[in-house]
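Trainee: One-letter residues, chain by chain:
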Amino acid sequence: MIVVMKPSASEEDLQRVLERVDVLGLEAHLSPGESHTIIGLVGETARISLNAFEVMPGVERVVRVAEPFKLANREFHPQDTIIQVGNVSIGEKKLVIMAGPCSVESRSQLLETAHAVKEAGAHILRGGAFKPRSSPYSFQGLGEEGLKYLAEAREIYDMPIITEVMAPEEVALVASYADILQIGARNMQNYRLLQAVGKVDKPVFLKRGLSGAIQELLMSAEYVMANGNPNVMLVERGIRTYETYTRNTFDINAIPALKQLSHLPVIGDPSHGTGKWRLVTPIAKAAIAAGADGLMIEVHPRPSEAFSDGAQSLKPKRFQTLMAELRVLAEALGRAL
Amino acid sequence: MIIVMKADSTAAEIGAVIARVQKAGASPHPIYGEERTVVAVVGETRRISPEAFRKMPGVERLTTISAPFKLASRESHADDTTFRVGGYRIGGPEIVIMAGPCSVESRSQLLETAHAVKEAGAHILRGGAFKPRSSPYSFQGLGLKGLEILAEAREIYNMPIITEVMTPDAVAMIAEYADILQIGARNMQNFGLLHAVGRIQRPVLLKRGMMNSMEELLMSAEYILSGGNYQVMLCERGIRTFEKYTRNTFDLNAVPILKQLSHLPVIADPSHATGRWDAVTPMARAAIAAGADGIIVEVHPHPEEALSDGPQSLKPERFADLVRQVKRIAAAMDRTVPDPEPAPTPVLDY
Chain S
1 MIVVMKPSAS EEDLQRVLER VDVLGLEAHL SPGESHTIIG LVGETARISL
51 NAFEVMPGVE RVVRVAEPFK LANREFHPQD TIIQVGNVSI GEKKLVIMAG
101 PCSVESRSQL LETAHAVKEA GAHILRGGAF KPRSSPYSFQ GLGEEGLKYL
151 AEAREIYDMP IITEVMAPEE VALVASYADI LQIGARNMQN YRLLQAVGKV
201 DKPVFLKRGL SGAIQELLMS AEYVMANGNP NVMLVERGIR TYETYTRNTF
251 DINAIPALKQ LSHLPVIGDP SHGTGKWRLV TPIAKAAIAA GADGLMIEVH
301 PRPSEAFSDG AQSLKPKRFQ TLMAELRVLA EALGRAL
Chain C
1001 MIIVMKADST AAEIGAVIAR VQKAGASPHP IYGEERTVVA VVGETRRISP
1051 EAFRKMPGVE RLTTISAPFK LASRESHADD TTFRVGGYRI GGPEIVIMAG
1101 PCSVESRSQL LETAHAVKEA GAHILRGGAF KPRSSPYSFQ GLGLKGLEIL
1151 AEAREIYNMP IITEVMTPDA VAMIAEYADI LQIGARNMQN FGLLHAVGRI
1201 QRPVLLKRGM MNSMEELLMS AEYILSGGNY QVMLCERGIR TFEKYTRNTF
1251 DLNAVPILKQ LSHLPVIADP SHATGRWDAV TPMARAAIAA GADGIIVEVH
1301 PHPEEALSDG PQSLKPERFA DLVRQVKRIA AAMDRTVPDP EPAPTPVLDY
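Protein chains in written order, with my numbering: chain S, 1 to 337; chain C, 1001 to 1350.
Hints in this document: simulated from the structure, not taken from any laboratory.
Among these hints, one or two may not hold up.
[Stated by the list, open to error] Label pairs and their computed distance ranges (CB to CB):
hint: 1; chain 1: C; residue 1: Ser1049; chain 2: S; residue 2: Arg107; range: 57 to 65 Å
hint: 2; chain 1: S; residue 1: Val328; chain 2: C; residue 2: Glu1148; range: 41 to 49 Å
hint: 3; chain 1: S; residue 1: Arg61; chain 2: C; residue 2: Asp1321; range: 28 to 36 Å
hint: 4; chain 1: C; residue 1: Thr1167; chain 2: S; residue 2: Glu54; range: 56 to 64 Å
hint: 5; chain 1: C; residue 1: Thr1167; chain 2: S; residue 2: Tyr245; range: 27 to 35 Å
Beta carbons: idealized from backbone N, C-alpha and C, even for Gly.
Work out the full structure, taking the sequences as your base and the hints as a guide.
Mentor: The following block contains the structure:
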């Protein structure tokens, strides 16, 4: 349920509404807008009549939100959410590019890649230390050692870092190093994990599950937000379909759909969305043209030697070319890089 | 198999190679490139002895095509295929925009839409006269009358027209009216129909089936090419997945892949790929950014009254905005959207 206040509503009117929200046992989420203040109500709203608020002074209208996601809903929060990470703002006119290797393999590999992506103009460094691999025999990541290398790279290159957290009990550890916590596609519906990252004050990068519907992704964002963390990014990274020529089918429709349904920043991951480095550049451009707020791209100095995702990793030089092409495209869209 | 001729081979030498392929019971498809000619050999190739061809005058080398699609493969035809429809080149650096209603509903509806899309900058007019509807009780199209209305709109607005053909026996009749024949998604593997459009010399827009892989799409193109019609456009229009928020899932990965695997022009259909008018413009931009050679967009002056596909049809003013946005993306991609050819006389008395 949403209470929309009149532009002329006074502070007193607002307080009275908030008091009634409290009396009714609901939770209020305030979203002050340029003309209207919007109060999103979460809780057992089905039993409450619209009338309970409609008659109050300063209230313009009361509407029920049909979708099951509330805090993630654009109706609750009409303005785009902007997430601040260091001196990078995510969700603004300026696009945000996160790049780096799939896995942190060694100190030198990470620093070499960080150097290259920083030079090319990337804003945030990615790298996996805890890796959810399909096979238990595959490289599982360097663990905390990887986190230390990431933290070192952050100091050297002055880039915020993003890395995946796989288990609720590891959230505190990963959060002590990372600037952004990534929830991987396989964990999109790991609800304990979502609750755990909802309780820390680090932004969350929530990847869509391989078979997660758009609404399910938004419900997972709702889990994080309902636990107190409003800073969630939604990530389209390809879904599973019958087409197996590509690793996944990049569901580009999800980008405008998520931007319409939600106020959260939307990021495209063309590396996983295609699984083939040759397709990363055109799909990266398409994601930006579709309205994504940023990209996450896998870059490796020697993809043929990568421990994971070599086939979809760009060499630094190609990444540099992509950045130059994105700059031109961003301008054509009235955005910037 | 591909027989690559020397750069200085003569017409007689090429002719001799072609004749020998025919004699061996296979089908020769000469491809006259800018630098050299290659003869693609398809069909029954088991009786072909590579040695015999290697020794022939003018032959440089023989190669095999690993993909099951041969004539559609970029291996057989390294340059992009381009062809002209009316005054427009398709498959070159220019972006082609096809637009119009899903169905031709009446003369006034079609002319009103044609006028609007032409003004907005569309090059080719679309409109369905024979409609493959999921329900037998839904509007099935105006049939021949619809074709006549389309032909009238072509004259008035100087726009080539594209319309769907559903059965092999209707191909000749529709080809009399249409500049481009559309094979709909549900007919992508209607092999009799593919054979039929392969036998005529008219460009074909081949839509990907909603449950078909890219390789199957290219194999269907191969059916048309092997019949002798080389003017085929591949069209990505969304596939079926578990995601129900949109009518289909726009498989945009297909655009760069088809461009890599094939030399044929690739057209995107953001209307069917999304099923929602509010997603059509961003998806049109994305398709061009991914490298598509053109788009086909449904436009209706009154979508709420449309007899089909209303929810995914753009109003004319929104379509005009789409064209403006596509032009900006095209420029950023070093491509152009040509200005439409002028209509002979501005007729507005519908």
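Trainee: Tell me the numbers of any earlier hints that the structure contravenes, in ascending order.
Mentor: Checked against the structure, no hint fails, so every one of them is satisfied.
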